[in-house]
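J.: Residues per chain, in single letters:
There are 4 protein chains.
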Amino acid sequence: MILSVGCTLGYQIHAPIAAFTFNVLANTDAQQRIVRETMIGTPEVPTEQIATTKGNRVLRTEVPQGPLELRYEAIIDVNRPALPAVVKADNPGRLPLSILTYTLPSRYCESDRFSPIAWELFGQTEDRAEQVRAICRWVDANLKYAPRTTDARTSAWDVWQGRQGVCRDYAHVAIALCRALSIPARYVGGYAAGLTPMDFHACFEAYLGGEWHLFDPTDGIAPDQIVVISRGRDAASAGLTTIFGKVQIGPVVVTCAPFAGVLSTTPAGSAAT
Amino acid sequence: MILSVGCTLGYQIHAPIAAFTFNVLANTDAQQRIVRETMIGTPEVPTEQIATTKGNRVLRTEVPQGPLELRYEAIIDVNRPALPAVVKADNPGRLPLSILTYTLPSRYCESDRFSPIAWELFGQTEDRAEQVRAICRWVDANLKYAPRTTDARTSAWDVWQGRQGVCRDYAHVAIALCRALSIPARYVGGYAAGLTPMDFHACFEAYLGGEWHLFDPTDGIAPDQIVVISRGRDAASAGLTTIFGKVQIGPVVVTCAPFAGVLSTTPAGSAAT
Amino acid sequence: MILSVGCTLGYQIHAPIAAFTFNVLANTDAQQRIVRETMIGTPEVPTEQIATTKGNRVLRTEVPQGPLELRYEAIIDVNRPALPAVVKADNPGRLPLSILTYTLPSRYCESDRFSPIAWELFGQTEDRAEQVRAICRWVDANLKYAPRTTDARTSAWDVWQGRQGVCRDYAHVAIALCRALSIPARYVGGYAAGLTPMDFHACFEAYLGGEWHLFDPTDGIAPDQIVVISRGRDAASAGLTTIFGKVQIGPVVVTCAPFAGVLSTTPAGSAAT
Amino acid sequence: MILSVGCTLGYQIHAPIAAFTFNVLANTDAQQRIVRETMIGTPEVPTEQIATTKGNRVLRTEVPQGPLELRYEAIIDVNRPALPAVVKADNPGRLPLSILTYTLPSRYCESDRFSPIAWELFGQTEDRAEQVRAICRWVDANLKYAPRTTDARTSAWDVWQGRQGVCRDYAHVAIALCRALSIPARYVGGYAAGLTPMDFHACFEAYLGGEWHLFDPTDGIAPDQIVVISRGRDAASAGLTTIFGKVQIGPVVVTCAPFAGVLSTTPAGSAAT
Numbered sequence: 001m002i003l004s005v006g007c008t009l010g011y012q013i014h015a016p017i018a019a020f021t022f023n024v025l026a027n028t029d030a031q032q033r034i035v036r037e038t039m040i041g042t043p044e045v046p047t048e049q050i051a052t053t054k055g056n057r058v059l060r061t062e063v064p065q066g067p068l069e070l071r072y073e074a075i076i077d078v079n080r081p082a083l084p085a086v087v088k089a090d091n092p093g094r095l096p097l098s099i100l101t102y103t104l105p106s107r108y109c110e111s112d113r114f115s116p117i118a119w120e121l122f123g124q125t126e127d128r129a130e131q132v133r134a135i136c137r138w139v140d141a142n143l144k145y146a147p148r149t150t151d152a153r154t155s156a157w158d159v160w161q162g163r164q165g166v167c168r169d170y171a172h173v174a175i176a177l178c179r180a181l182s183i184p185a186r187y188v189g190g191y192a193a194g195l196t197p198m199d200f201h202a203c204f205e206a207y208l209g210g211e212w213h214l215f216d217p218t219d220g221i222a223p224d225q226i227v228v229i230s231r232g233r234d235a236a237s238a239g240l241t242t243i244f245g246k247v248q249i250g251p252v253v254v255t256c257a258p259f260a261g262v263l264s265t266t267p268a269g270s271a272a273t
Numbered sequence: 001m002i003l004s005v006g007c008t009l010g011y012q013i014h015a016p017i018a019a020f021t022f023n024v025l026a027n028t029d030a031q032q033r034i035v036r037e038t039m040i041g042t043p044e045v046p047t048e049q050i051a052t053t054k055g056n057r058v059l060r061t062e063v064p065q066g067p068l069e070l071r072y073e074a075i076i077d078v079n080r081p082a083l084p085a086v087v088k089a090d091n092p093g094r095l096p097l098s099i100l101t102y103t104l105p106s107r108y109c110e111s112d113r114f115s116p117i118a119w120e121l122f123g124q125t126e127d128r129a130e131q132v133r134a135i136c137r138w139v140d141a142n143l144k145y146a147p148r149t150t151d152a153r154t155s156a157w158d159v160w161q162g163r164q165g166v167c168r169d170y171a172h173v174a175i176a177l178c179r180a181l182s183i184p185a186r187y188v189g190g191y192a193a194g195l196t197p198m199d200f201h202a203c204f205e206a207y208l209g210g211e212w213h214l215f216d217p218t219d220g221i222a223p224d225q226i227v228v229i230s231r232g233r234d235a236a237s238a239g240l241t242t243i244f245g246k247v248q249i250g251p252v253v254v255t256c257a258p259f260a261g262v263l264s265t266t267p268a269g270s271a272a273t
Numbered sequence: 001m002i003l004s005v006g007c008t009l010g011y012q013i014h015a016p017i018a019a020f021t022f023n024v025l026a027n028t029d030a031q032q033r034i035v036r037e038t039m040i041g042t043p044e045v046p047t048e049q050i051a052t053t054k055g056n057r058v059l060r061t062e063v064p065q066g067p068l069e070l071r072y073e074a075i076i077d078v079n080r081p082a083l084p085a086v087v088k089a090d091n092p093g094r095l096p097l098s099i100l101t102y103t104l105p106s107r108y109c110e111s112d113r114f115s116p117i118a119w120e121l122f123g124q125t126e127d128r129a130e131q132v133r134a135i136c137r138w139v140d141a142n143l144k145y146a147p148r149t150t151d152a153r154t155s156a157w158d159v160w161q162g163r164q165g166v167c168r169d170y171a172h173v174a175i176a177l178c179r180a181l182s183i184p185a186r187y188v189g190g191y192a193a194g195l196t197p198m199d200f201h202a203c204f205e206a207y208l209g210g211e212w213h214l215f216d217p218t219d220g221i222a223p224d225q226i227v228v229i230s231r232g233r234d235a236a237s238a239g240l241t242t243i244f245g246k247v248q249i250g251p252v253v254v255t256c257a258p259f260a261g262v263l264s265t266t267p268a269g270s271a272a273t
Numbered sequence: 001m002i003l004s005v006g007c008t009l010g011y012q013i014h015a016p017i018a019a020f021t022f023n024v025l026a027n028t029d030a031q032q033r034i035v036r037e038t039m040i041g042t043p044e045v046p047t048e049q050i051a052t053t054k055g056n057r058v059l060r061t062e063v064p065q066g067p068l069e070l071r072y073e074a075i076i077d078v079n080r081p082a083l084p085a086v087v088k089a090d091n092p093g094r095l096p097l098s099i100l101t102y103t104l105p106s107r108y109c110e111s112d113r114f115s116p117i118a119w120e121l122f123g124q125t126e127d128r129a130e131q132v133r134a135i136c137r138w139v140d141a142n143l144k145y146a147p148r149t150t151d152a153r154t155s156a157w158d159v160w161q162g163r164q165g166v167c168r169d170y171a172h173v174a175i176a177l178c179r180a181l182s183i184p185a186r187y188v189g190g191y192a193a194g195l196t197p198m199d200f201h202a203c204f205e206a207y208l209g210g211e212w213h214l215f216d217p218t219d220g221i222a223p224d225q226i227v228v229i230s231r232g233r234d235a236a237s238a239g240l241t242t243i244f245g246k247v248q249i250g251p252v253v254v255t256c257a258p259f260a261g262v263l264s265t266t267p268a269g270s271a272a273t
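Residue numbers (the working numbering), protein chains in the order written: chain A, 1 to 273; chain B, 1 to 273; chain C, 1 to 273; chain D, 1 to 273.
This is chain A alone, in the form it adopts within the complex (with noise of 0.2 Å):
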């Protein structure tokens, strides 16, 4: 699947400086390569790329006091693995440690909490597979999808015992009862074709079979409909802007569709020009 990804972000900087992270590039491995991408800051602010170790691009910036508006236009082919039909559960002494470490609890997934209720829940079969499919339509049907009724300081365990909130909560969620059943699961932040309204979206991954793969469990968005953009343990270590200094927000503007258009054979457009 080609989509076409972006996103325009506005802010006003108070302070006479201010640093920023933005974490809204697409990941770019082999399931996800990237056929044309352009970020561009109005006024020009030189940013400075990271990639961590979880395979995030993450730009950094300082910006002087006045208006900043960041823009970001990519086209992604993305090719998701397929599901194993039955998987078996891991060794644990045989995963890697960067993978294990993702069966631990985090801030917003307190898995720890999660044991006994997911044992009960979705212990009934062996498929680990099955299991994650049965997380997320456990997911899905009981909780309620309301905005505005969960902040960032919302946990998995907050939301379990409220049964409401949005995409990052459904996440954190499916995230902890996962990890609860000692299957690795990480935190997903992307652009999404088909979300409506359109906005960042959040999601998770499993690790079946020796491969992570991509769910959706408030939406139920194919995996290849899903650019990734950030990765981590929850929603606090795969944010996607971190600010620092005085900033007020401004809006926000995401999109992603299917790549209907004819790509050009001639640029349309250049840096230089």
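One should not assume that every hint holds.
[Unchecked claim] The calculated lysine-lysine pairs, modelled on BS3-like cross-linking and capped at a C-alpha distance of 25 Å, are:
#1 B/K54 x D/K54
#2 C/K88 x A/K246
#3 A/K54 x C/K54
#4 D/K144 x C/K54
#5 A/K54 x B/K54
#6 B/K88 x D/K246
#7 D/K54 x B/K246
#8 C/K144 x A/K88
#9 C/K54 x B/K54
#10 A/K54 x D/K246
Note that these hints are calculated values from the structure, not bench results. Keep in mind the model is a prediction, meaning the values are calculated, not measured.
Given the structure of chain A, go ahead and fit chains B, C and D onto it with the hints provided.
T.: Okay, now just chains B, C and D, sitting in the frame of chain A:
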């Protein structure tokens, strides 16, 4: 210094499919920040962008039979640290191992062969910075710039004996001499403003006073006028392109100049239009 | 300071096989150099030793049903850097991203909840070093050391409200307060000389003046008297042991004391005899 | 195969202080698990142990004037994967970049010079595993084992022309031939059971079917009888010791044999007694 850099690389692929890696994107860190960047392949080729441990940003792609043109353009804000006045020898027992590795001989820089030579020529001073400057002066004064006298097999030792070569050869000799004095040194490929004729350039970095510093032994171009695109032990591990498959290499156009224009506040072009 | 440290960990494995990770070996860098080290499992268990990106040295092994005793002994030469007199706030736009991550909230350190509290209590001075020292004094003065009042689910926020706990809880509160002030802070597990009763210890490091510095908010043990064995965002990612399978945990004996003996010139014992 | 390995290295330091790195500890991963390990310096020298990205475990230390003896002993459980029956050529467009780097020429393995030779000698079969085996047979049949005919400057191309050398030279030629066929290959230093006379050994690994496999072109020692202690592009980046300062090298004793004894349940010795 704000530089406008870029290249256009043409190929004709004769095999059903060919695999490429391109290492022509500006590295990015606090010394090289990106104002704008565009990379466009014609026909459209999805690429995977890989960050190496040395900071190189490698594009990898597979392309079917036919023509390929890769065009890269960027505006880069370059700020290099000043060289300290006097630099004492590092205690090798305290250097990070990842730095110490750049004191070892490599394919094109047989520093083990240069030890007596280097100490005789440059051992009078104990100031490590002055030693590197003296090496640059010596290389510039004693080698003859002579295109097509050397090739992809020519090593520093070959150049030492033949006393001629191109920027790549100058860099290899300078690196071998630095390492022979136990000064960590690494090969740098880049864009350089003021080069005649314009082309990709090769120079090197020496580790002095706890930091890497850039030197150009061929043309004496100032560090702020150079945009680094590849780093490695020598040209063998810092090559700009690797091609797998039957491919005819076409015209290469390289640009690098101080950015003179006005940075537009309206994006000059965008991926999705 | 030369310290003699060690532990003996006993287990009874009830499953046919159990997998373990042990993070009890001394980390090793310029601040912690190893004079001698022995790790012996009874019955003999082949272990894989894994170095993590944070510098932890993790042992991983699989053990069949029956008893297991792991015994570790080491002599470590500890040399910590002195804290600078006055430390200015870091520019977050310049901090390495791998450091910046330690300003974010984590499972047990919900620093996002502590912000107003931290600035009110510790915002009078601008000296970051003094802020951390004040946090340690506050934690020591206001928390009551009370074993068995907290457990593996207790977070910094819980401790803040309950005002009691053990070294792990003290560390979590101190870390959360540091991060609330945007001071990078991380959890440290280790051996500590002078502890009564002797056990593994938890303390923390704060990033001040370009370097990590060790603080013990519980017992005020000097940094040179502590041997670091694990580092992480909090106890969730810096745990000392992870066990997969049905295992009964037996006696734990920990030792840590200034090395008083004479280092023998004849090896005290050897693997092959 | 459980192997008992070790070495005793003697030095006389003539400078006030000398810096050393030692790369003689067994690497450890799922294929090489450690049952016991002891490293003792006389006089006692605190060492820093550094894990490199290639999996080497490097000791670094500084030692004052006088004698130094380093003694290492370990019991290692070695389990190597079997070579697949037939191995197809890798698609270089899909190989991880960190593997692809081992197809490039290096200081002692000028694979670029060997291309026509390698294809002529070993290009009849398309089975990559058979190509590597044929290279080993060719090297064994056509090189003469001749100590002291080569030295630290001798490269694969030199050996190709002289047709004699030691294990290090055999390995370099085999690696250069593999790389000339685009098979990733890397240099391995290690302990090898059955060597006469006993010494450190050099062999190599080829990347076949998605995994590194060990080959010994000199003595045909089975992979399970070899304990890897260093990996690198060639002897330049996989050296066993590096010495900075005026040091006289004394006797080297190396041991490696199948472990025949009974593993005692009482620790044979301990660091603290």
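J.: Now tell me, hint by hint, if it's right for this structure.
T.: Now the hints, each set against the structure:
Restraint check for B/K54 and D/K54: satisfied, since their Cα atoms lie roughly 14 Å apart, inside the 25 Å limit. At roughly 19 Å between alpha-carbon atoms, C/K88 and A/K246 fall within 25 Å of each other, so this suggested pair holds. This hinted pair checks out: A/K54 and C/K54 have alpha carbons roughly 14 Å apart, not beyond 25 Å. Among the hinted pairs, D/K144 with C/K54 is inconsistent with the structure: their alpha-carbon atoms are about 47 Å apart, more than 25 Å.
Proposed proximity of A/K54 and B/K54 is supported: the alpha carbons are some 17 Å apart, at most 25 Å. Proposed proximity of B/K88 and D/K246 is supported: the alpha carbons are some 19 Å apart, at most 25 Å. For a cut-off of 25 Å, the pair hint linking D/K54 to B/K246 is broken: about 32 Å separates their Cα positions. Proposed proximity of C/K144 and A/K88 is contradicted: the alpha carbons are some 47 Å apart, above 25 Å.
Of the supplied pair hints, the one linking C/K54 and B/K54 holds, its CA atoms being roughly 19 Å apart against a limit of 25 Å. For the hint pairing A/K54 with D/K246, the CA-to-CA distance comes to about 44 Å; that exceeds 25 Å, so the pair is violated.
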